[in-house]
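Chemist: Residues per chain, in single letters:
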Amino acid sequence: MKPKIGRALVVGGGISGIRAALDLAETGYGVILVEKAPHLGGVLSQLDSQFPTNHCGMCKMLPLVERDAGSQYCLRKGLFHENIDIRMSTRVAAIEGEAGHFTIRLQKQPGFVDPDTCIGCGMCADVCPVAVADEFNAGLSRRKAVYLPVPHMTPNTYVIDSAACSRCGECVDVCPTGAIRLFRQGRADFGVLVVDDEYTVRDSIKEWLEEEGFFVEAAASGEEALDAMEKQSFKMMLLDIKMPGMDGVAVLKKTMENYPEMAVVMMTAYATVETAVEAMKTGAMDYLMKPFDPEDLVSKVIDVYEVREASMGETMEAGAVIFCGGTECYDPSTGKNPFGYKVFPDVLTGLEFERLISGTGPGGGELVRLSDGRPVKTIAWVQCVGSRNLQLDKDYCSGICCMVAIKEAMLAKERGHEDLEATIFYMDMRTFGKSFQRFRERAEKDFNIRFTRGCVHTISADDKTGKLMVTYPVEDSRHMEAAFDMVVLSTGQQPAGGVDKLAEMADFEQNPWGFARSEPFAPARTKRDGIFLAGSFSGPKDIAESVISAGSASLCASAAIHAAGGGMAEVDGDLPEYADVSLQAPKVRIALCECGATLPGGIDMERIAADLKADPAVENVFVIPRLCTVEGWDMLVEKTKGKGYNRLLVGACTPYVYTRRLRQLGEKVMVDPALMDVEDIRSPAFAYADAAAGDIEQAMARRLKSGLSRLREVDPLPKQSAPIARRALVIGGGIAGMTAALAIADHGYPVDLVEKKGELGGNLNWLTHTIEGYDVRDFFDNVRQRLEKHPRITVYVNSRVVSSFGAVGNFYTTIETSDAPSRTLHHGIAILATGGNEAETTAYCCGQSDAVITQKVLEQKISQKQIDCKSIDTVAMIQCVDSREEPRNYCSRVCCTSTLKHILHMKKKNPDLGVYVFYRDMMSYGFAETWYTEARKAGAIFIPYTVDAKPQVFVGEKGDPPVKIKAYEPLLEADVTVNADLLVLATGIVPALPQSLADAFGAGIDADGFFREAESKWRPVDSLKEGVFACGIALSPRSVTESVASAEAAAQRGLRILSKNALTSARVTARVRHSLCSLCERCIDVCPYGARSVDLDMQKIIVNAAMCQGCGNCASECPNSASVIDGFFDGRMLDMIDMVIE
Amino acid sequence: MDDFEPTIIAFVCNWCTYTAADLAGTSRLSYPTNVRLIRVMCTGMVDPKYIIKAFLEGADAVLVSGCHPGDCHYINGNYKARRRIKLLKSILPRYGFDERRLKLTWIGASDGIQFARTIREMVAEIKEIGPNEAKHAAVV
Amino acid sequence: MAKTSLCDEAEQNLQTSLASFFKFVLAMEDIHALLAPMRLPANERVMHTLVTDPELLDPIDPFAPSFPMNAARLVSRLTKRPGGEMVAVVLRPCEIRALIELVKLKQGDMENIIIVGIDCPGAFKNTDYVEFAGENPETAAERFLAGALSGETKFDGGVEISAACRACTHPVPQGADLSIGIFGLDSDRQFLVSADTEKGKALFDRLGLSGCDVPDSRREAIDSLLSVRREFQKEMMDDIQKKTNTPEKLATYLSGCINCYNCRVACPVCYCRECVFVTDVFDHDPFQYLRWARRKGMIKMPTDTVFYHITRMAHISTACVGCGQCSNACPNDIGLSELFIASASTSQSAFDYEAGRSLEEDPPLTVFREDEFDDVVEVNH
Amino acid sequence: MKPAFEAGRPHGASKNLEERLEPVRKMLLPCMQCGTCSGSCPNAWAMDFSPRHLWRLLLTRNGEEIFKSRTFVLCSTCYSCTLRCPRGLPLTDAMSMLKQAAAAENVRMHRRSVGFYKSFMESVRRHGRVREMEFMTLYFLSMKNPAIPLRFTPLGMRLMAKRKVSFEIPSRGMGRLDAFFRKAKAVEDQS
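Chains as they are written, first to last, in numbering that gives the first Met the number 0: chain A, 0 to 1141; chain B, 0 to 139; chain C, 0 to 380; chain D, 0 to 190.
Treat the hints loosely; a few may be bogus.
[Said to hold, decoys possible] Computed footprint of chain C on chain A; a stretch qualifies when at least three of its residues, placed anywhere within it, have a C-beta under 8 Å from a C-beta of chain C: (1) 453–459; (2) 490–500; (3) 1081–1091; (4) 1111–1125.
[Stated by the list, open to error] The list that follows gives simulated cross-link-like pairs (lysine-lysine, DSS-like), each with its CA atoms no further than 30 Å apart: (5) Lys-25(D) - Lys-908(A); (6) Lys-105(C) - Lys-586(A); (7) Lys-612(A) - Lys-295(C); (8) Lys-126(B) - Lys-153(C); (9) Lys-241(C) - Lys-134(B); (10) Lys-295(C) - Lys-1099(A); (11) Lys-126(B) - Lys-242(C); (12) Lys-1099(A) - Lys-105(C); (13) Lys-67(D) - Lys-965(A); (14) Lys-241(C) - Lys-126(B); (15) Lys-134(B) - Lys-299(C); (16) Lys-965(A) - Lys-161(D); (17) Lys-241(C) - Lys-612(A); (18) Lys-14(D) - Lys-869(A); (19) Lys-2(C) - Lys-200(C); (20) Lys-869(A) - Lys-25(D); (21) Lys-25(D) - Lys-936(A); (22) Lys-14(D) - Lys-908(A); (23) Lys-79(C) - Lys-126(B); (24) Lys-105(C) - Lys-1024(A); (25) Lys-248(C) - Lys-126(B); (26) Lys-59(A) - Lys-965(A); (27) Lys-98(D) - Lys-335(A); (28) Lys-242(C) - Lys-134(B); (29) Lys-161(D) - Lys-907(A); (30) Lys-14(D) - Lys-936(A); (31) Lys-105(C) - Lys-134(B); (32) Lys-936(A) - Lys-67(D); (33) Lys-965(A) - Lys-25(D); (34) Lys-295(C) - Lys-134(B); (35) Lys-25(D) - Lys-907(A); (36) Lys-335(A) - Lys-25(D).
Calculated from the structure, these hints are not laboratory results. Think of the CB as a built atom: it goes at the ideal place given N, C-alpha and C, for glycine as much as any other residue.
Generate coordinates for the entire structure from the input sequences, incorporating the hints supplied.
Modeler: In structure tokens form, the structure reads like this:
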């Protein structure tokens, strides 16, 4: 393991938090990942299916190089990485200091179940008498007060919902491992002294507090109290004011002198309130007026206790902090609730719908009406619920709901009743991401999902049919009523609760919409250095953009830590040298955990042990009562100290838990952890709960035997490692390329930047300002200056890549510069940032008249002051020119915002200017919606058109208006004519990524010419070929700020590799046994990662161990086991099959 | 044979179906003990040899189960697995290994219920078909 | 359009005119060697021989009913690595088809060879050929063709054309550069040369062959041969199906197997350098054998014989060209070709694939489409 | 189909009406034509244009069409649209402003409705509440058409039978609303 050169704090364990943590961990930093919920995954732990596959795929985020450092299982089960320290149920209480050197205080929520001891048997939930709505299933089902927060986590331990728990203690009695401590240790240490002369008062208070687990003493007088304090230490005193002898105030004074830390609450009758108030000046914390409610008193004590506990929270240091707090869904039951949410049971939110159709959902995935359990045959989605709503002060678009609704409709079609009809009611279908438009069309054509433009305004119930009646306008001003079995509200995103408090605590700002505010052109930065933002915490984002933003934030965090000199070194010692046992016969020692007494009755571990001993490879078998306890683990260490064996098999519960611990054990007893394994023998007892003990025993034995067979074959081979060139090549000198180059160079690695044109900047050369009013030129100048001065960046203008070969770590790329000899660069990674251009068009008379221009020309004319807005009367604009229909069937994402920007600019210059915009769907996603509203407020008229009835444009003759646009206005149900002085066309973006360049690096190109990501959501800037990344417009159409984010993310992905001296293979990696290989190259054909190649000179198949992910497709394709996967050798697999059939 | 309890060998992919099986376990969905799980990294790793071996050793059915199309952790291993199953389904029935004894399913990580149901249904179906003849015959 | 020419030299018989034709071919400047079946000097066996001197071509004997091995393997050796010279190779149709499969598996290369395919009336098993050739191997081809071309399958001494050949539905070469046809002609002296590829046509022109139409009699002869063969193939497959349709019957059928692996050595498309069954994967420990024996009460030794044959089907049935060499090679006379031909017919049709049909078709298991074969996936929603 | 408007040269109403429309238009600029107003309007069935259509006409400067429409006259001021508008627009106010514009500019087509409103208010002003007989009389007089009262006779008879229309002259409210009306007048004059 490499030295950790610093540490970062990631706050929030949703997708962006996981991504940011992994990015930093893979780069070698230590990460503390803090999540306030008791599980990771954020909202995605509740969503099983994501566009575009409509399944999952989250695991594709896991590390690809040095895989062994991280978990190798479904991310829904949890996350493990040796550099990531995960803290669940924890909040950040304070952040002090400055970038590079923050001091952070964490506060853990009180937990009643010890996760290290809980074995997830569920006996507690069985006896728990309290049932409440289950938030995991969006409240559609019920759970107990002691429950599993998510069903699929591993290890999955129970937690207690403190608010719901009645403290009855049933679970404590039944817990087989004693993991539940309802009255936690902490409270027993928290001594409370009750001082009152009245016996009944002090006795009942004592009783109430003891019930809550506190340690309580009572004193009948001031003198007694002072005595008691001398004998024992108390943290808190409840003190009566009016007492015979020494009164409360006197006791208080004395106490404050001797025990200034003591929290004193005065108890007073009405008559002495003033005294109590006076007492607070003396040092009392608070007062309670008699007679008081026991609950008030108890909660006051708990408050004091928890505040004190929190102040004792853990303090740690970190160089940077990334906030990934996500968002929350709008709750439609608040406010006017026009859709009858929670009034009609069949009106659901999107999240509820997804839970309903989930296999882990309340009905096991059956799509039925919640009102009467009948199958759903008609279902409607209502868009923009809690979004684009000025009344709710939500003048933004949540950006994700359109695609989510399409996905959900497809899922309903796939999983629901065969005749199911799905309708989506929308205002603008915002398919603004890569491939979204085609996805929508697939939904329409292949899935027969109906898209109806119209804002639903009323939902009522038809008592006779039990159906919901949905009323909506149709475009010709009439209203339609349609009946549905179920209505799903596409609820918008809103800032996560508590953003304001976090903002105050961490000193970052909020934007006008309440989300965390990021800096101009720096989407991950806040105004406070070292504090960064990722995911939808700073505004609604889909998964791909969240993942990109997480990369961007981790890059910034890494830069901050790097700039501060690396911070606290946490250098691990040398790796222990284990003896080479490859020539010894396998001798396996087996440890079996009895799992307390939780296994079903009649299971005899000794019988299993005897069965195993029959195998000659088994050296010894011993049983441990409970491995998960400290004593149990010590016993294992003790029992594995002796010699005589060379492999260790442990039969216990969840194997995932043990990865880290086995490593420690190995170091202690000097047995290579690679020769140790844990076999799960606990789940047969769950899965076969109804079976006879003998059957379960057999099932457990079979598992152990298969583990045995696996372990017997394992020979730890020396890891292969190959040195790498720690240098980057960035192709394209636009904003994305420049940003990526700077990001990498700032980390100390040399960068070659190749630009085909004579100057850097790309599209920044003509953009002047953003819609927010930020100056693009200033920004550009800044970046360019920094880049040109940077000692580690070499810029090659007028240059292009001629050829490239090699693989991650070692690429050799030849570039050609005009008027100079070509040269070959040796680099470890490549970033393609070749950008794109505004598309050219001949549609709508473009090119026939000066009055018809594109957006880019307009921007240039405005900046060069060639247009006098005051001298013209009317401007028309047409959106989606040649876009969102074949062959260029994608949304270019930036044009609608550009249109709004131009409108607002021109309207500012000339408020009387007539502006008419012909559009299909205004893609003013996110906060751009506000500018859409502003443009309307400025008086622009927006007229929708469809592909079937596009506007017609006529260029004027002499005397006529310069350009005339005819179109159909659906609301007026009439043809309209706009006589305009200027027509501006939004032609969209075309990529500039040549096929030959992509081929040279083994990168893929999609149907539209953009870079093909390894995975559109989970690996949005990677190529399938490791070491090749893309950013900016080469990836997909995006704004300047979005390009910066993607460039930083791509740089971060590259730094992961450059930060290593050499790339090392993982434990499960493919190898070729050359003496058996016939060079048929079928393995090369089936390798999805391009990790294999044939070396014709050597007549060998070469496996790039860093690129190989160990999927084993090569091995199963190879007819004679010449290609093998370490850990899955055919001989072992066959033996294992044999073993389990027995 | 009333007391016939089929033996089912299930090759499950590490990412999806293994997780689903785990989930079925932790959700305490009970399913028959007949299934013997063998975890593989990817269904694309399941060599036809393994399946043939299982049948010859007397497995009454073999299940290969992995990620849904498009979801394979390794991009496309499940598609390749599908071809291999297609191949075996064209060969094995010739020699009396009923086509229904070999199944390929896509069971995602959160489909614990489907996993349990698939096993239950498979056990019921195989009970109808009866035992694999190779179980007792000296066929190796 | 193919170019065709009828060679018909009145004063020569088929044997001698073929010899002169191939001498002419080998005399071409850019053809450096010829690989063709020749009677070896001892005059007993007909084997593929690599000839560089045209004068030595007299004993060339491509139509001898001898098929000691599938020569695709030999062509693979000549072309597997770069640097070979141009060789003309004389191959039976099944050899060409096997070669095409091997080239797809990178075990050979077409660039430096000219394939001269021949019409194939079939051949005897090795032992039968020796019997049939007897004292006069030089007349064996003539005697054989006299009967075979008129539909005979049984010959003097009770020898019979091998089952695989009788079931073969590809008697006419496909994928050859030049083809030598004898079906439907006067086989005593006539043969038809046709060129199907660009390479073949160029050679055809340089050989100065004159063009002609294909006689109708040829088409008729081929059709009738095919219908007889298809019928036999069906019978054969039905028969094998009956004999092996349960695991136990299959085991009985294969009971003579002694793990000699001759069949896979003889198989032209079993291209592995070393069969997996002889690698460490099957290097069992003694207690494993006992475990198996205990489980089933008894096991046949050597073990892994049924396993081996089914695995071999999984490995090569999509590439099997039905040449019958497996049967030819079996020391214990197991009818392996029947088994494999039947299995190949289902597995190849499953993928709409035909072994040896075209170089353009990828072997079924090296490719996939996202949208296919949903029939083998259980749907569970 | 006749072009509904030509940009730059809108089919405006008279200059005075246009001036009165301008503040309404400005008020409704954020409208996004979602149609929630139309959907929630209980009188929409009787309207010639739906409220959404009306606002669209307003925003596209088709003033002439607006005053040909009876839509705003049929607004019964229930405020459903205002309550529900996702843009939070004061749609009911906008309807009232249109009514006032029609009254102030004495738009021919709306004279009857204006007369109705005026008669109603006059009766209220006089008595502090509406006096049905007087209200009817005032309304019929303002119509200057003797046929109208005859047309309403059967309805009147039925209302009288049910004692919905009274001949009695209540005196308690007389003059009590004067201050109220004076203030309203002053506000109107001011604006």
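Chemist: Are any of the numbered hints broken by this structure? If so, which, sorted upward?
Modeler: 1, 2, 6, 8, 10, 16, 17, 23, 26, 29, 31
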